[in-house]
Structure formats: structure tokens, C-alpha cells
Amino acid sequence: MIQQPYSSQLLEKAVSEFSRLPGIGRKTALRLVLWMLRQEESDVEQFTDAITNLKNEIKYCQTCHNISDSDICPICSDPRRDASTVCVVENVQDVMAIENTQQFKGLYHVLGGIISPMDGIGPGDIEIESLVNRVAEGNVREVILALSPTMEGDTTNFYIYRKLAPYADVKISIIARGVSVGNELEYTDEVTLGRSILNRTIFEGK
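Throughout, my numbering is defined as the position within the sequence shown, counted from one, plus 473.
Incorrect hints may have been included.
What the hints assert, rightly or not - No farther apart than 35 Å at their CA atoms in a straight line, the calculated lysine-lysine pairs in the DSBU-like style are these:
1) LYS532 to LYS486
2) LYS528 to LYS500
3) LYS532 to LYS578
4) LYS644 to LYS578
5) LYS500 to LYS486
6) LYS486 to LYS578
7) LYS486 to LYS528
8) LYS500 to LYS578
9) LYS636 to LYS578
10) LYS528 to LYS578
11) LYS532 to LYS500
12) LYS644 to LYS532
These are computed hints drawn from the structure, not numbers from a lab.
Given the sequences, and given the hints that come with them, work out the whole structure.
So, in C-alpha cells, the structure goes:
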């Protein structure tokens, strides 16, 4: 089916940009653009300013690599959190998912991805070395591996386990497999995810 051009090139450009967003097709993009055209100019400027400021001013926590407004995120700087327990996750969405369970009171370490040779992602492309450095400082007593139960997640778990093996006094655990194999962590319901954190087991890296 041939795509019919819009009556305005400005409209076409805006629709094309919106349709680049994940899960947004051209029909949805067109509805969003037309909706924005009906808004007050000040509201549209507020919207675009929020996106621009997000891109220009957002930071990544120097400790855990979570997104933050400051160099150290609110979780890492909270004295009420258990700094001896670090939960390793793939991305920022996983931090949000676990926080929503209200079952975990330790700190996080965001890898920024998982090992996936098919996608050209190796150990050096994600934040594994900085995790090892955190453990080497001597304040961490338990590392919880909370990666999605996929082949890539399991590969990353095993690699981290091997990297942390020299630190014999550090317990390495893995979330209980109440999370279905192959599922992404961020789409798991809060009750299941919360129980998986509470019922974590020692990681058997054999």
C-alpha cells in the first residue's frame, strides 16, 4: 500500500519523528501530532522544554548508574538503605520495577545491558567492571543477581559470578525463579517480583 503524503511537509516531518518512538505507528503518531496542534503554544513549549532538559541535564549515578538529577542518585545517598546488599539489574526500568514491590531495601547496580554475542554486546560494553570495583572496596556483603531469566541473562549471571569468585566472603544470590523463564523482569507483576527478591537463593555457578 502506497503511503499517501500529508498536505503539509511540517506535519509529515512531525509524524515521522513521533513514529520513531517505540510502539508508536504512523496512525498513532498522527493523532498525537494533531492533538498537539490543538494545544496552547505555552503547553507545547512546556512539553518540548521537558524533553530537551531531560536530554541535556539528566545524569547517571556515579555509584550505581541509575538515572538521576545529581551525581549520586537518591537511592545511593539514602542512609536508610542497606549498603551491604547490592542488587544487579539490566536497566533502569528494572530498578523501578523492584522499587515498586517495596520489598528491597539495599542498593542497586545497573549494568546498562546484558552479554549478548548475537547483538555484539560483550562484557566490556556493560558495567561489570565497576561492579567488581564496588565489591573490591569491601563494603558489600551480598550481590543479588536480578537479571531476566533468559539465555543472555543466565550468561551474564555466570560471567559476573566468575568475576566475583575471588571475593569469597561475598554471598552471591539469584532471585527465585517465580519469574517465568524467558520473561523480561520489567513486565513481571509486583507480587511475583517481590517474592522472587525475598526468596532469593545462593547462585550455583557450576
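Hey, LYS486 versus LYS528, does the alpha-carbon distance stay inside 35 Å?
holds (21 Å)
Decide if the proposed pair is consistent with the structure: LYS532 and LYS486, CA atoms, cutoff 35 Å inclusive.
The given pair, whose Cα atoms are some 30 Å apart, holds under the 35 Å limit.
Measure nothing beyond the straight line between the CA atoms of LYS644 and LYS532; if it is 35 Å or shorter, mark the hint as holding.
Holds, at about 30 Å.
Taking only the CA atoms, is the gap from LYS486 to LYS578 under or equal to 35 Å?
violated (46 Å)
For the pair we were handed, LYS644 and LYS578, check the Cα-Cα distance against 35 Å.
Cα-Cα ~17 Å, so holds.
Going straight from one Cα to the other, do LYS528 and LYS500 come out at no more than 35 Å?
Since the Cα atoms of LYS528 and LYS500 sit roughly 26 Å apart, the hinted pair holds (cutoff 35 Å).
Could you grab the alpha-carbon distance between LYS636 and LYS578 and see if it respects the 35 Å cut-off?
holds (25 Å)
So if I understand the rule, the pair passes when the alpha-carbon distance is 35 Å or less; does LYS532 with LYS500 pass?
holds (33 Å)
Take a quick look at whether LYS528 and LYS578 sit within 35 Å of each other, Cα to Cα.
The hint holds at about 29 Å.
Hint consistency between LYS532 and LYS578 [alpha-carbon to alpha-carbon, up to 35 Å]
holds (23 Å)
What's the verdict on LYS500 and LYS486, does the C-alpha distance respect the 35 Å limit or exceed it?
holds (14 Å)
Does LYS578 lie within 35 Å of LYS500 when you go C-alpha to C-alpha?
violated (43 Å)
Checked against the numbered hints above, the structure violates hints 6, 8; every other hint is satisfied.
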